[in-house]
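Number of protein chains: 2
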Amino acid sequence: MIDGIKVVAFDADDTLWENEAYFQEFEANFCKMVGCYVTSEQASAELLRTEMRNLHLYGYGAKGMMLCMIETVCKVAKEESGLMAVQEILKLGHELLQIPVEILPGVETVLSALTKKYQLVLATKGDLLDQERKIRKSGIQHYFDRIEVMSDKTLTDYQKMIDGIGCKPQEFLMIGNSIKSDIEPVLAIGGHAVHIPHHITWQYETQIDDSVSHDFFRLEKIEEVLNYL
Amino acid sequence: MIDGIKVVAFDADDTLWENEAYFQEFEANFCKMVGCYVTSEQASAELLRTEMRNLHLYGYGAKGMMLCMIETVCKVAKEESGLMAVQEILKLGHELLQIPVEILPGVETVLSALTKKYQLVLATKGDLLDQERKIRKSGIQHYFDRIEVMSDKTLTDYQKMIDGIGCKPQEFLMIGNSIKSDIEPVLAIGGHAVHIPHHITWQYETQIDDSVSHDFFRLEKIEEVLNYL
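For the protein sequence lines, the chains are H and L, in the order given. Going by the numbering used here, 48 is the number at position 48 of the first sequence; the sequence numbering is gapless. Going by the numbering used here, 40 is the number at position 40 of the second sequence; the sequence numbering is gapless.
It should be emphasised that the hints constitute simulated quantities derived from the structure, not laboratory data. From the three backbone atoms N, C-alpha and C, an ideal C-beta is built for every residue, glycine too. A few of these clues could be false.
[Said to hold, decoys possible] With the C-beta cut set under 10 Å, the calculated list includes, among others, these residues of chain H facing chain L:
{"#": "1", "residue": "42"}
{"#": "2", "residue": "56"}
{"#": "3", "residue": "98"}
{"#": "4", "residue": "132"}
{"#": "5", "residue": "133"}
{"#": "6", "residue": "149"}
[Said to hold, decoys possible] Simulated crosslink set (PhoX-like; lysine-lysine; CA at most 20 Å straight-line):
{"#": "7", "chain 1": "H", "residue 1": "75", "chain 2": "H", "residue 2": "32"}
{"#": "8", "chain 1": "L", "residue 1": "75", "chain 2": "H", "residue 2": "91"}
{"#": "9", "chain 1": "L", "residue 1": "6", "chain 2": "L", "residue 2": "180"}
{"#": "10", "chain 1": "L", "residue 1": "91", "chain 2": "H", "residue 2": "75"}
{"#": "11", "chain 1": "L", "residue 1": "91", "chain 2": "H", "residue 2": "78"}
{"#": "12", "chain 1": "H", "residue 1": "6", "chain 2": "H", "residue 2": "116"}
Pulled out of the complex, with its shape left as it was, chain H reads as follows (with noise of 0.2 Å):
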């Protein structure tokens, strides 16, 4: 039993609902349309080089994405089958930008187990049109109390939350995926948070920093939740 807790915050993407999988088959496409030009390995080496290059100008989602693609593209592709490549990868970003949002197992259960005793927060990062669409679409809106769409998860931007929703640290848990992005940074501000590691996580989100505290439940499934609330 975690004790004085009032808010509870949700991960979206890889918490809530399947995500980081279609990345990644955009990716695998990806490698395949460039594989006349350079080896799988190399065009996924230099698209995420491409991707940390701008992702201060880009922020996270699957603009981001299609405008890393083809820009790396342009790198690599000799330039008269370039062109081909391109209008598929904005094809297959449009399909992307599409899918349906398919919910996690366990995660209705422990929303409606949860959402008369605490206030639930739904938090999460990346392009704010994406979001929407996704949180839309994935019918569960109506178990939060609060929804927070962050250009980025640092320590700061959840201390700014905290802020808004006007509770301590120490009242407030975090559930997510990444150890980054919905652990790290929410333990450096005093709260709490629990690790369900998804099985698939993007590779930007598994360069961690070795000496982040390793005070933080860990769960197989998001049910085991109910065990500590």
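Could you slot chain L onto chain H? The hints should help.
Showing chain L alone in chain H's frame:
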């Protein structure tokens, strides 16, 4: 004097700072780039069609515009030189995402005069990361009690915002440059609105509903707001 106001909200792009001019310059460059295939008018019309078709996917902002330009290039350009135009679009798009924020004349006078007397809200539409970057660079964020980045500015979006603030529509005054986004939806929910036309308006924002009420102030200069508050 408008009585009973507790909250004053400002649109940001083209009300507080320069914006549309940079987008139109980007578009002019784009038209030049594809000038060997189509006329400027055709390029511009094709781009607007592409933007409207993708608005529900991309939302507003520079990344969506870049993707729409790339899609338009794929449509109009001949294969062999299309990729060079794509590279140029990415380059110009990056420049667009990093343009300094130029506060419009009179804005600081108005904000410093109102900041103690009213709850001030910055209510802007667009890409979350784009908007946050501009807000940070603007150096005027300390005047505002709330900053609201919305993916759109419909009647429902304003209703949600006002509910979040906890004020009545008749206590809410919106100041902005777009009839479609800043004036019409605010009047529709029973709020007050002041229109300050900007010298440049995006074509999309000029497609207004003819039935819109004309019960709002139109001022030439933002400082004139101080005569009414």
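Each hint, compared with the structure:
1. 42: violated, 19 Å
2. 56: With a minimum Cβ separation of about 8 Å from chain L (threshold 10 Å), the hint on residue 56(H) holds.
3. 98: holds, 7 Å
4. 132: holds, 5 Å
5. 133: Hint holds; residue 133(H) Cβ to chain L Cβ min 8 Å, cut 10 Å.
6. 149: holds, 7 Å
7. 75(H) <-> 32(H): holds, 16 Å
8. 75(L) <-> 91(H): Satisfied, since the Cα-Cα distance of roughly 13 Å is no more than 20 Å.
9. 6(L) <-> 180(L): violated, 24 Å
10. 91(L) <-> 75(H): Judged against 20 Å, a Cα distance of about 13 Å means the pair holds.
11. 91(L) <-> 78(H): holds, 19 Å
12. 6(H) <-> 116(H): It holds: about 11 Å lies between the C-alpha atoms, which stays within 20 Å.
This entry does not satisfy hints 1 and 9, going by the numbered hints stated previously.
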